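Engineer: Start from chain A and add chain B according to the hints.
Those protein sequence lines, which keep their order, are chains A and B.
Just so we're aligned: the first sequence equals residues 1 to 483 in my numbering.
Just so we're aligned: the second sequence equals residues 484 to 905 in my numbering.
Hint data in this document are derived by calculation from the structure and do not stem from the laboratory.
Predicted model, so just to flag it, every value in this text is computed and none were measured.
Warning: the hint list may mix true and false statements.
Simulated crosslink set (DSBU-like; lysine-lysine; CA at most 35 Å straight-line) [stated by the list, open to error]:
{"#": "1", "chain 1": "B", "residue 1": "K752", "chain 2": "A", "residue 2": "K135"}
{"#": "2", "chain 1": "A", "residue 1": "K100", "chain 2": "A", "residue 2": "K294"}
{"#": "3", "chain 1": "A", "residue 1": "K449", "chain 2": "B", "residue 2": "K614"}
{"#": "4", "chain 1": "A", "residue 1": "K233", "chain 2": "B", "residue 2": "K541"}
{"#": "5", "chain 1": "A", "residue 1": "K325", "chain 2": "B", "residue 2": "K614"}
{"#": "6", "chain 1": "B", "residue 1": "K821", "chain 2": "A", "residue 2": "K282"}
{"#": "7", "chain 1": "A", "residue 1": "K303", "chain 2": "B", "residue 2": "K821"}
{"#": "8", "chain 1": "B", "residue 1": "K850", "chain 2": "A", "residue 2": "K233"}
Which residues of chain B face chain A? A partial, calculated answer using Cβ under 10 Å [stated by the list, open to error]:
{"#": "9", "residue": "S584"}
{"#": "10", "residue": "R591"}
{"#": "11", "residue": "T595"}
{"#": "12", "residue": "S618"}
{"#": "13", "residue": "P640"}
{"#": "14", "residue": "G641"}
Just the calculated beta-carbon pair ranges, DEER-fashion [as the list claims (entries may be wrong)]:
{"#": "15", "chain 1": "A", "residue 1": "E286", "chain 2": "B", "residue 2": "R868", "range": "43 to 49 Å"}
{"#": "16", "chain 1": "A", "residue 1": "K480", "chain 2": "B", "residue 2": "P759", "range": "41 to 47 Å"}
{"#": "17", "chain 1": "A", "residue 1": "R273", "chain 2": "B", "residue 2": "D690", "range": "43 to 49 Å"}
{"#": "18", "chain 1": "A", "residue 1": "R273", "chain 2": "B", "residue 2": "N576", "range": "53 to 59 Å"}
{"#": "19", "chain 1": "B", "residue 1": "E856", "chain 2": "A", "residue 2": "K480", "range": "47 to 53 Å"}
{"#": "20", "chain 1": "A", "residue 1": "D97", "chain 2": "B", "residue 2": "P759", "range": "34 to 40 Å"}
{"#": "21", "chain 1": "A", "residue 1": "R83", "chain 2": "B", "residue 2": "K509", "range": "33 to 39 Å"}
Yeah, the Cβ is synthetic: ideal placement off N, Cα and C, and Gly gets one too.
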Amino acid sequence: MKQYDLIIIGAGISGCSIARELSRYQLKVAVLEKNSDVAAGTTKANGGIIHAGDDPQPGTLKALLNVQGVNMYPTYAKELGFRYKETGSMVVGFNEDDLKYLEKLLDNGIQNGVEGIELIKDPQRIVAIEPQCSKEAKYAVYCPHCGIVDPFEVAIAMIENAVENGVDLYLDEPATSITKENNLFTITTPKDTYQATYIIDAAGLHADDVARLMGIDEYNIVARHGDLLMLDKECGVKNLMPLYPIPSKESKGTVSLSTLAGNVIVSATAVYREKDDTDSYKEGIEQLLAGASKLVNGLNTRKVIRTFAGERAVAENNNNDFWIKPSQTCENWFHVAGIQSPGVASAPALAMYVLNMLRDNNVPLVEKETWNPHREEPIDFSELSPREQNDIIHEKPNYGKIVCRCETVTEGEIVAAIHRNPQAKTVEAVKRRTRAGMGRCQSGFCQSKVVLILARELGIPVEDVRLESQNGWLLSGPVKEGQ
Amino acid sequence: MMLQEYDVIVIGGGPAGMAAAIEAHKQDAHVALIERNDELGGILNQCIHPGFGLRYFKEELTGPEYAQRLIDVLQTTDVEVYLSSMVLAIDHNEDGTHTVSFINESGRITLTTKAIVLAMGCRERTRGEIKIPGSRVAGVYTAGLAQRYINMDNYKPGSRFVILGSGDIGLIMARRLSLEGMKVEGVYELMPYANGLFRNIKNCLEDFGIPLHLSTTVTRVIGKERVEAVEVTKVDENLQPIPGTEEIIPCDTLLLSIGLIPENEISSKAGVELNPATNGAIVNDRFETSVPGIFSCGNVLHVHDLADNVTAEAENAGKNAALYAKQAHTEEPLDIIKVTAEQPIGYTVPSTIEKGKNASIFFRVRKPITLAEMVVSSGDQILFRGQPRAYKPSIMECQIVPGKLLEKAGDTISLRLSIKEA
Chain A
1 MKQYDLIIIG AGISGCSIAR ELSRYQLKVA VLEKNSDVAA GTTKANGGII
51 HAGDDPQPGT LKALLNVQGV NMYPTYAKEL GFRYKETGSM VVGFNEDDLK
101 YLEKLLDNGI QNGVEGIELI KDPQRIVAIE PQCSKEAKYA VYCPHCGIVD
151 PFEVAIAMIE NAVENGVDLY LDEPATSITK ENNLFTITTP KDTYQATYII
201 DAAGLHADDV ARLMGIDEYN IVARHGDLLM LDKECGVKNL MPLYPIPSKE
251 SKGTVSLSTL AGNVIVSATA VYREKDDTDS YKEGIEQLLA GASKLVNGLN
301 TRKVIRTFAG ERAVAENNNN DFWIKPSQTC ENWFHVAGIQ SPGVASAPAL
351 AMYVLNMLRD NNVPLVEKET WNPHREEPID FSELSPREQN DIIHEKPNYG
401 KIVCRCETVT EGEIVAAIHR NPQAKTVEAV KRRTRAGMGR CQSGFCQSKV
451 VLILARELGI PVEDVRLESQ NGWLLSGPVK EGQ
Chain B
484 MMLQEYDVIV IGGGPAGMAA AIEAHKQDAH VALIERNDEL GGILNQCIHP
534 GFGLRYFKEE LTGPEYAQRL IDVLQTTDVE VYLSSMVLAI DHNEDGTHTV
584 SFINESGRIT LTTKAIVLAM GCRERTRGEI KIPGSRVAGV YTAGLAQRYI
634 NMDNYKPGSR FVILGSGDIG LIMARRLSLE GMKVEGVYEL MPYANGLFRN
684 IKNCLEDFGI PLHLSTTVTR VIGKERVEAV EVTKVDENLQ PIPGTEEIIP
734 CDTLLLSIGL IPENEISSKA GVELNPATNG AIVNDRFETS VPGIFSCGNV
784 LHVHDLADNV TAEAENAGKN AALYAKQAHT EEPLDIIKVT AEQPIGYTVP
834 STIEKGKNAS IFFRVRKPIT LAEMVVSSGD QILFRGQPRA YKPSIMECQI
884 VPGKLLEKAG DTISLRLSIK EA
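Isolated chain B (complex conformation):
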C-alpha cells in the first residue's frame, strides 16, 4: 500500500476520463487516471465502426482511432496512468481531501487527492430488467457483449440473430453481424419509433435489407439448452402485448439493445446524490456533484449518443476539478439558479446554473415531438422562446441560455416544450 497526493484523480480511461485528465493537466494539476482494463480507450476499443470524431476532431474516425487520438495526447503529459486497476472505494478525509482505494496485480493501493472526476461510463440493460419470460438458455446476449466477442475476442456468438431494441449499439451490431456472414432476422422495437440515430437506421439496417419492426417486442425465449426461437408480439399504445399477434421467429441468438444505465455504484457509496431520471449524479454547471470536490462527466453522468459530446463535457469537468483542487476558481459562485423541466423533457444536466453566466443545458425528450417551441421561463416571466422544430428521444439536445437573459431570472428556471400542431 502507498499513499500519494494528487490534485485530481480521474476514474475511468475512456473518452470521458482521458479528456478530463488532459484538461486537468492543462491547468497544471497533478493528475492520476485509473483504468480497470488493460488498455486505455474504454468501450471505444470494441467500437471498430466509423462515425466518431466528426464534431470533435472534424474528421471521421473509428472508435479505436478516436481513442488513440486521446491516448497520444495523454502520453505527452505527466498524468500517471494506472491500468488494470479497479477502484473499490472512495473515502473522505477531514481536511476535505479524498482517498481512492483500488487494486491491481501489485496490491491494494490507496491514493489521496483533492478532487475526483468520475468517468466510469455505463452498462447495458439486461434481460432480467425487462423480465422477458421463457427459458434461460445460452444465446441471449447484450449487444455490447456480442460486440466484444466479435471485435475483441474474434468469435461469433451465434449464427441466426433476432435483435430486440433499436438503440445504436443494436443497429451497429446488425450491420457487423451481416458483414461477418451471420444472419439477422430482424430488429424489434417496443416503441412506435426507432431509438437509434437516423444515420444508423439507414446505414446499418436499410442498406443491408434488415427489417425494423416497430411496436413489437420479444415476449418469450424458446429453447432447451440454446435459443431455438423467440416469440415476438405486437404491443398496443400502452406498450402491452396484443394477444393473438404472437409470432415465432426461429433463431439461435437474441441480442438485447434496450438501453444504457450509468454505473454509479462507486459514486453512491461515496455519498454522491443521484438523479433517478438519469441514474447519474446531480451536478451543477461545473459538473460538481453533491460531494464537494467530486465531479462527474460522460456516460456515467447521463447517457450520450456521441463520444464527441462526452469528450467535450469531460474537458469541462476536468478543468473545473483542477481549478477546485488548486482553489483557483477566479470568482466566487454567483447566485444559484435551479433548473427544472416539464415532460416530455425527461431530465436536464446540470441541475443548477449560475446567475449571469452563459448556461448550456443538456436534455433529452421522452418521446418524439414533431414540432415544438422551447420555452425557458422563470416564474411567470418568459426568458427565452426558441424556433419551432422537431425533437427526438435519440438525440441529446443542448439549450444554450445567455447569461444576460438569466439576470432577470428568480431562483428557478423551467424548460418547457410548447407543442405546435404539425
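Next up, chain A with everything else stripped away, as it sits in the complex:
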C-alpha cells in the first residue's frame, strides 16, 4: 500500500504536464500509467503541431487553452530542454467557396486572440511564405506563431522534470478498481494498492471508464481515429510549414508538415471508430496521400516510410470541447478528459488551468522551498559539431558506436536513455527518446542491436525485451545452436 496526497491517472501529455506543474508544491503526488511508457497512447500518434488557435470555436475552453498554450511553449521548451520551432502555418484555399471559409476562420482566430493572424489573397505572397505550397493556392489564413514539437519528447521532458522534483511514476499499472472511504480513494492495480485524497483522471480514451470504476458516470468518451503517414527525409520537400486544407469530409483534421527531424508527416484523418483501434486503414492512407499531393508542391508520395494511427478522446455531447471539471457526484475527483486536438498545443496552459481548479476546490498548494524547473537535455549526437562529437567520444567511447545508421544514433545515447528516470525499457521507448529505428530502414538494421543493449543494460534475458507492451514479445527463445 502506497500513500499519496494526489494521484494522476494517465501519463499522456496532459497527465505529464499536470504532474510537472504539481511538482512545485508540497504535495505527495503519484502518476499511474497502464502502459510501459509515458506518452504511449494518443500522445505518440500525433502530428506534433502547436496549432496557432484559429480553429477552435470562440468561447470554448479549447480556444482559451490553445492560444495560452502557444504563448507558453517557447519558455517551456527552454526550461525543459525539448526542441520547439516556430514555423507559422497556413490554411490554404483554392476557390471562392474556400475564401468564404477562410474569412470565417480569420474572424474565429481574431476572436480567439491569435496574434498576427491574417488572410492572404495574393497567391504570390502565399508561395513567398511557403515556396512548397501548391502553386494553385489563391487564398490562405496565415498564423505566424504556429510551431512544432515532438509530442512524446515534450511529455517525456515534463515527466522527467516532475520525477526529478519528487513525483512518483508507476508504469505498467492499470487501475483495476477504485473505492472511496473516509475521504480517501483506494486504487488497486495488478501490482499494488495506492491511496490518495485527490484524484485527477487524465486517462485519455479511457477516462470515462476509469471514472466508472469509482461509480462516476457523468460523461462518455468516444474515439475519433486518425491515420498518419511519415515520409522519408528525402521526399522532395524540406522545412515545410504546416499546411492545412479547407476541411471537408475527407480532409477534416489533416495537415502536412516537416517534423523537427526533417521528415514530412501527413496527419491525420478523422473517423469515429472503436476505442483502442489504432489500426491503419487503406482508405485513410489514400485520403492523406491525395490531400497532401494537392496541397504540397513537389512531394514525392512514393517515399512513405511508415503508416500509423491514433485516436483522439472526444467527450460526447460537449460541443467538441475539453471536459475539465470537478466531478459533480464525487468530491475531490477531477476530470481532465476529452483532450482531443489541440491537446498538445494546450498542454502547458491546461496544467495551469487544472492548478486553478484545484485551488478553487481547496486543494492545498504550498510551494516547495526548492524546485528545479530545468531538465537536463539528453545528448543528440547527430546535432553536435564534429569537434563536440570527437570530444564526447573521447569522454565516453560508446558515443563512437553507431547503432542506428539511418538516424545516426549512437550506443551512448541509447544507454543514456535506458538509464534516465523514468527508464526507457522497451524498443519503442528507446526509439521515442533517441530516434533509433525511426529512419528509412524502420529498424531493419538496428532492432537486434537495440534488443541486445536493452537486455544487457536492464539485466534481463534477451527474449524478455518487448517492442512496447507486455505481450508484444519479439523473440520466442533461443535456436537449437544457441542453447
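Structural biologist: Same frame as chain A, now just chain B:
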C-alpha cells in the same frame, strides 16, 4: 582527429568493398577500407547457407566462407582497415581530393583521398513503403532482420510464419525457419511469377512442402500486441486486391521479402547523381559516378542476385579508382556513347560506354519474357541482334557489345527486346 592521405578509400567491407580494395591495392594504390560493423564480410556473415562462389571461386561456399576467402587475401595486403567505423560525410577539396569523415570509438576521424569507392550495399524495403494496413504490433520483420536474429544472435523471432514476397532472402529464410523447427504457413507473392532464383524456389520451398501463392498479397496485419494473423487477398492483373478473396491466415510473425534498395544517402549528400530506376549512382563504364574520383559498385550501385557478380564488378571499380588516383589511365577516354533501354528493360548499368571499347552492359527486365531477341541499335542502325531466349526479372543480365560493332554507333545506343510469340 587526424588527416592522412590515401589514393583510394573504400566505404564498405562486404563482397564489393573487399574486392575493390584488393584490386586497387594490386595497382599499387595506398588504400583504406572503412567498415561500419565489428567485422568484415557485410551481410555475407548472416548468409550461412551455401550457393556462393560457384562463379567466382568455382566452388560452392557459404556466405561466411565466401567472405573469409576475401578477408584472407585482404590480410596479405597493406590495406588499412577501419572496423566499427561509420562514415558520416564525404567532402570535396579544391585540389580535387576528397575527405571522408567517420567515427569510431577512438573519435571523429577525417582522412583525405584521391579516389573513393562506394560499396555500402543495400537495405530492405519495409512494411511502411508498401503501406500494409492493420495493427502495428510486434512480429513484423524484414527477412534480413529475422535472418540476423537467427543466424547471428541465435534467437527465434517467432514460431509460426507467413512470408510476403518471393525474393531470395525470403525463400532462403523459409528453409532456414523450417530447419530450426519453426512453421512456415506459406509464401505470398504479389506478382504472377516468383521473384527469387529458380534454384531457391526448388531447394527452399518445394523440398520443404511450403506453398507459394502467386498474385496474392497481405492486406492487413491483425493482432493486439503481437501478430495473431494476417489477411491475404488475391490481386487482379493491375495488382489490386480482389474483394471477396480475403483469407485470414493465423500466424505470429510476418516476414517481408519485398525488395532491396541501394543505400545511397552518403552518396547523394556528396553530390553523386542517382538513377531513379536503380536508386544507385549513374556511372560510366569505369564505374565512376557524376562526381570525378568517386566510384560505385556492388549492391549500392544496383541490386545483384549473386555475390559473385558483385565481387567481379567491384574489382573493376577498384582498379579504375586506383588508376584514377595514380592518373594512370593509359589512354584518354574515347568518344562517349550514352546507353538507353526500352521497356521491359528496367535500367542499364553503366549509363555511358566508350566508343571502340568492348562494353558489358548489365540490365534487368521488369517482367518475365518468354521469348525475345536482344536488339542493340544506334539511330536507325541495328548494331547487334541476339538469339531468341527467355528473360526473367530475378536474373541480372549482361549484354556484351564488342567494341568493333560500336565503331559504327552514334552518340547513343539503345537496348530493346524484340518480343517473339512463344
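Engineer: Take the hints in turn and mark each one as holding or not.
Structural biologist: Tested hints:
1. B:K752 - A:K135: Roughly 28 Å separates the two Cα atoms, so the pair holds.
2. A:K100 - A:K294: Judged against 35 Å, a Cα distance of about 20 Å means the pair holds.
3. A:K449 - B:K614: 25 Å, holds
4. A:K233 - B:K541: 43 Å, violated
5. A:K325 - B:K614: Given that 35 Å is the threshold and the Cα spacing comes to 41 Å, the pair is violated.
6. B:K821 - A:K282: Measuring from Cα to Cα gives roughly 42 Å; hence the hint is violated.
7. A:K303 - B:K821: Holds, because 29 Å separates the two Cα atoms, which is no more than 35 Å.
8. B:K850 - A:K233: 31 Å, holds
9. S584: 7 Å, holds
10. R591: 4 Å, holds
11. T595: 15 Å, violated
12. S618: It holds, given that the least Cβ distance between B:S618 and chain A is near 5 Å, below 10 Å.
13. P640: 6 Å, holds
14. G641: With Cβ-Cβ at 6 Å, under 10 Å, it holds.
15. A:E286 - B:R868: 43 to 49 Å: At 45 Å between Cβs, range holds.
16. A:K480 - B:P759: 41 to 47 Å: Given about 44 Å between the Cβ atoms, the range holds.
17. A:R273 - B:D690: 43 to 49 Å: 45 Å, holds
18. A:R273 - B:N576: 53 to 59 Å: 57 Å, holds
19. B:E856 - A:K480: 47 to 53 Å: Taking Cβ atoms as reference, B:E856 and A:K480 lie about 51 Å apart, which means the hint holds.
20. A:D97 - B:P759: 34 to 40 Å: 38 Å, holds
21. A:R83 - B:K509: 33 to 39 Å: 50 Å, violated
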